[in-house]
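One line per chain: the protein sequences are A and B, in this order.
Anchor point for the first sequence: position 62 equals 62 in full-length UniProt numbering, and the numbering is continuous, going up by one each time.
Anchor point for the second sequence: position 118 equals 118 in full-length UniProt numbering, and the numbering is continuous, going up by one each time.
Among the clues, some could well be false.
One copy or two, either will do: identical chains are not told apart, so a pair holds if it fits within one copy or between any two.
[What the hints assert, rightly or not] Straight line, CA to CA, 25 Å or less: simulated SDA-like cross-link-like pairs of lysine to any residue: (1) LYS105 / ASP356; (2) LYS360 / VAL125; (3) LYS349 / VAL181; (4) LYS349 / LEU139; (5) LYS105 / PHE376; (6) LYS55 / THR409; (7) LYS83 / PRO393; (8) LYS275 / PRO299; (9) LYS360 / ASP146; (10) LYS105 / ALA314; (11) LYS105 / ASP339; (12) LYS360 / ARG119; (13) LYS406 / ALA355; (14) LYS349 / ILE185; (15) LYS105 / ARG338; (16) LYS360 / SER135; (17) LYS141 / LYS349; (18) LYS349 / TRP191; (19) LYS349 / GLN106; (20) LYS105 / GLY315; (21) LYS225 / TYR180; (22) LYS141 / ASP419.
By construction, these hints were calculated from the structure, which means they are not laboratory data.
Number of protein chains: 2
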Amino acid sequence: MASMSTLFTQTSTPLPSLRKPFTTHFTPVLKVRTHAKNRARYGVKAGLIEPDGGKLVELFVDKSRKDLKTREAVSLPKVKLTKIDVQWVHVLSEGWASPLRGFMKQHEFLQTLHFNSLRLGDGSVVNMSVPIVLSIDDLTKQRIGDSTKVALVDSDDRTVAILSETDSKNMGTTAPGLPYVEEVITNSGNWLIGGELEVIEPVKYNDGLDRFRLSPAELRDEFAKRNADAVFAFQLRNPVHNGHALLMTDTRKRLLEMGYKNPILLLHPLGGYTKADDVPLNWRMRQHEKVLEDGVLDPETTVVSIFPSPMHYAGPTEVQWHAKARINAGANFYIVGRDPAGMSHPVEKRDLYDADHGKKVLSMAPGLERLNILPFRVAAYDKTQGKMAFFDPSRPDDFLFISGTKMRTLAKSKENPPDGFMCPGGWKVLVEYYDSLTPAGNGKVPEPVPA
Amino acid sequence: MASMSTLFTQTSTPLPSLRKPFTTHFTPVLKVRTHAKNRARYGVKAGLIEPDGGKLVELFVDKSRKDLKTREAVSLPKVKLTKIDVQWVHVLSEGWASPLRGFMKQHEFLQTLHFNSLRLGDGSVVNMSVPIVLSIDDLTKQRIGDSTKVALVDSDDRTVAILSETDSKNMGTTAPGLPYVEEVITNSGNWLIGGELEVIEPVKYNDGLDRFRLSPAELRDEFAKRNADAVFAFQLRNPVHNGHALLMTDTRKRLLEMGYKNPILLLHPLGGYTKADDVPLNWRMRQHEKVLEDGVLDPETTVVSIFPSPMHYAGPTEVQWHAKARINAGANFYIVGRDPAGMSHPVEKRDLYDADHGKKVLSMAPGLERLNILPFRVAAYDKTQGKMAFFDPSRPDDFLFISGTKMRTLAKSKENPPDGFMCPGGWKVLVEYYDSLTPAGNGKVPEPVPA
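Sequences are here, hints too, so could you generate the full structure?
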């Protein structure tokens with residue numbers, strides 16, 4: 001896990017806009033944690049979709065019991081969390097995976113692997129497509145022995161949470177070459193430990209971006225405050241170009257036409273682990289900031305927030321998780337693009353997943369029946385208009401497709417894309433990012449490392 | 001597929017008992033195909049579980065339209081079926097996979113892979129865990145062109161069926177080393193073609209065992225004739241020893257205690273493709289015959305029939321298929337053992353699947369809620385009683401576990417197992433089978449080949 005050790009610490013990359021307060025159209029909602037007693041209402045708030053399982057799960061220890069729980073943790077066997085484990089504690093603690101109340105136990109893990117869903121006590125089914133599991137090695141398992149509780153500690157040995165009614169079982173392993181496999185599974189122990197979480201310290205990253213990490217409860221509050229009668233979520237882990245913006249603007253228009261009075265966009269960049277050649281979160285947030293500053297998206301009807309989940313790059317399997325988690329945050333519409341949560345095949349020269357399977361699987365996934373899936377319309381650069389527009393198959397030669405690879409190549413060589421592809425402020429951030437990467441001795445631009 | 005070419009043709013292995021009529025306690029129900037107009041009642045027959053989707057699917061062309069369909073097939077593009085494809089046509093044609101009406105189209109394939117289940121038009125869910133697909137190569141795809149129908153022909157170019165509303169899509173591939181992958185997937189074309197089947201010629205193997213291949217409709221008739229008020233299915237692809245028999249007898253006893261008046265056992269050996277070192281079907285059938293002749297199982301309450309499906313060796317995924325197909329044949333109880341549909345890891349020295357996952361996954365599988373799952377009780381040879389008995393953990397030293405490997409080793413070396421392990425007639429068949437394998441030049445007994 002050596003390569004992970006700096007994943008969320010500040011790098012030497014200059015981040016000017018993060019050193020001063022954002023002067024942006026973002027929605028820096030005051031990050032005040034609402035209390036458990038106020039939470040019951042989230043399940044029934046008018047206009048917002050009900051969380052999975054009917055009630056939003058939050059796993060924080062009540063303030064009055066924090067000292068008690070901290071003392072209890074001292075006496076328990078310890079399990080050290082990796083950075084990615086901490087991200088999953090974050091995800092679980094805020095209820096993104098509601099109704100899951102902790103790392104998966106065996107029956108949840110098996111249902112996730114086989115059925116991409118969990119059957120609840122009342123016979124209803126919720127979607128759950130990615131395993132959220134905690135692995136331990138043989139030595140740790142031996143140290144835990146028969147204890148039914150363990151203390152989860154971070155890399156600085158600070159207690160994060162207590163895990164109860166633990167259940168540890170042998171896990172399988174999987175094929176090499178995939179980022180999450182290389183990063184997490186290959187390095188993990190032979191056992192998975194699951195059970196209910198009591199989170200003593202809410203997870204913070206102290207990277208200047210914590211105020212953008214709104215929990216599902218906080219997002220629901222924000223949507224209610226804005227009187228949203230529809231919330232449409234846009235998951236992304238890439239810079240926003242005008243094609244994306246067109247799609248989001250157009251979606252709002254379509255929702256208005258459908259009779260909604262105030263559809264709100266949740267622009268929701270993924271903030272957990274990403275592979276080395278994705279643009280790091282802090283740079284992406286600066287880029288998104290410019291997109292709002294430049295007026296490409298309307299700040300009045302847009303909430304920008306960070307989704308704390310790590311990426312599995314599991315394509316059609318993972319897109320279900322991305323959608324399901326947004327239900328818990330109050331979204332009832334989900335925009336799905338080409339090849340969601342996909343990547344290139346690690347060995348062969350092709351996409352790892354069929355680019356159309358994601359949206360198809362999503363539309364058929366158990367437990368997501370309540371969510372309205374909005375497939376991406378294909379946008380491309382219309383040379384006749386000099387801007388991004390929906391592709392018109394009757395005049396294909398008028399359109400230019402600018403792939404992610406093409407975009408990165410242009411930014412790396414400090415070239416400009418065609419006018420209208422991306423707002424100039426946003427493009428500048430991208431160029432700065434690639435410029436910040438020190439060229440290697442061989443003159444080649446190295447693969448970026450996560451900030 | 002060269003290695004497949006002899007899979008279902010008669011070998012030179014002497015099969016004396018198959019050359020004369022069985023004088024057995026088997027149930028050689030007259031194999032008369034019931035007509036479609038009589039089939040509606042199978043869904044509502046008192047005492048038998050309803051087939052998946054409410055109605056048993058049968059895909060045979062009505063006799064009056066057979067000539068018409070045969071002529072139509074002549075004009076259609078041809079797709080040549082492998083032996084295993086033919087087995088799947090057999091499975092589909094008789095409704096084992098109800099409500100599936102043909103080789104899977106893309107939306108069915110994706111749901112199977114991701115959710116092990118299919119959502120029907122009315123929102124209900126049926127289990128479907130293994131892909132039942134037909135692959136074609138680039139050339140065949142090109143030849144089919146825009147045709148919405150193709151003729152499926154066997155290795156002798158006889159038309160088996162017409163496949164309609166075809167839909168061909170790129171398929172994925174998977175890891176080497178697994179039997180079904182090596183046998184089927186590695187050799188398959190780049191495309192899958194799916195659609196509705198009209199089966200002109202019911203599949204026959206002419207191996208002397210066709211009369212034991214009862215369709216779900218025929219089994220339902222048989223159970224009704226016997227006034228079954230419960231049907232418990234036992235899937236197997238191995239010789240039956242007295243531990244199995246004890247389990248089956250004990251299950252019947254338990255069902256009687258539960259208040260059922262006439263529980264019937266469906267002893268249901270798998271008859272499709274199996275890997276080379278499994279005991280071939282014809283030998284297994286002879287062994288099962290002896291088990292009934294020797295009175296180990298009661299012929300009055302036992303129906304022996306062949307399940308036509310090929311094996312995927314997909315463990316917890318496949319056991320769902322084995323269970324689901326038996327619902328369609330009228331079984332409402334399913335006995336599940338240790339490591340169902342499992343095998344040794346092709347590379348590592350361990351089981352491919354966790355031996356407990358099968359029964360756990362089965363008990364949680366979507367669409368199987370109506371089926372009563374009966375987990376295997378562990379039987380072992382009780383040295384104090386000189387017979388197979390349920391393992392008593394309070395006196396572990398009294399028990400001898402005889403693994404499949406141990407059993408095969410004994411039979412190969414013509415040694416006898418402890419008295420009471422298997423009925424003598426059954427054991428003799430096993431010894432004869434291994435004896436029939438010509439020793440290789442190096443003096444070692446070669447791996448058996450399928451008969």
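Verification of the hints:
no., hint, in the structure
1, LYS105 / ASP356, "between (32 Å within a copy, 15 Å between copies)"
2, LYS360 / VAL125, "both (19 Å within a copy, 17 Å between copies)"
3, LYS349 / VAL181, "both (19 Å within a copy, 22 Å between copies)"
4, LYS349 / LEU139, "between (40 Å within a copy, 23 Å between copies)"
5, LYS105 / PHE376, "between (36 Å within a copy, 23 Å between copies)"
6, LYS55 / THR409, "neither (46 Å within a copy, 58 Å between copies)"
7, LYS83 / PRO393, "neither (46 Å within a copy, 44 Å between copies)"
8, LYS275 / PRO299, "neither (30 Å within a copy, 62 Å between copies)"
9, LYS360 / ASP146, "between (45 Å within a copy, 23 Å between copies)"
10, LYS105 / ALA314, "both (21 Å within a copy, 23 Å between copies)"
11, LYS105 / ASP339, "between (30 Å within a copy, 20 Å between copies)"
12, LYS360 / ARG119, "both (22 Å within a copy, 13 Å between copies)"
13, LYS406 / ALA355, "within (18 Å within a copy, 49 Å between copies)"
14, LYS349 / ILE185, "both (24 Å within a copy, 20 Å between copies)"
15, LYS105 / ARG338, "between (33 Å within a copy, 21 Å between copies)"
16, LYS360 / SER135, "between (32 Å within a copy, 21 Å between copies)"
17, LYS141 / LYS349, "between (41 Å within a copy, 23 Å between copies)"
18, LYS349 / TRP191, "between (34 Å within a copy, 19 Å between copies)"
19, LYS349 / GLN106, "between (36 Å within a copy, 24 Å between copies)"
20, LYS105 / GLY315, "both (24 Å within a copy, 20 Å between copies)"
21, LYS225 / TYR180, "neither (37 Å within a copy, 57 Å between copies)"
22, LYS141 / ASP419, "neither (58 Å within a copy, 43 Å between copies)"
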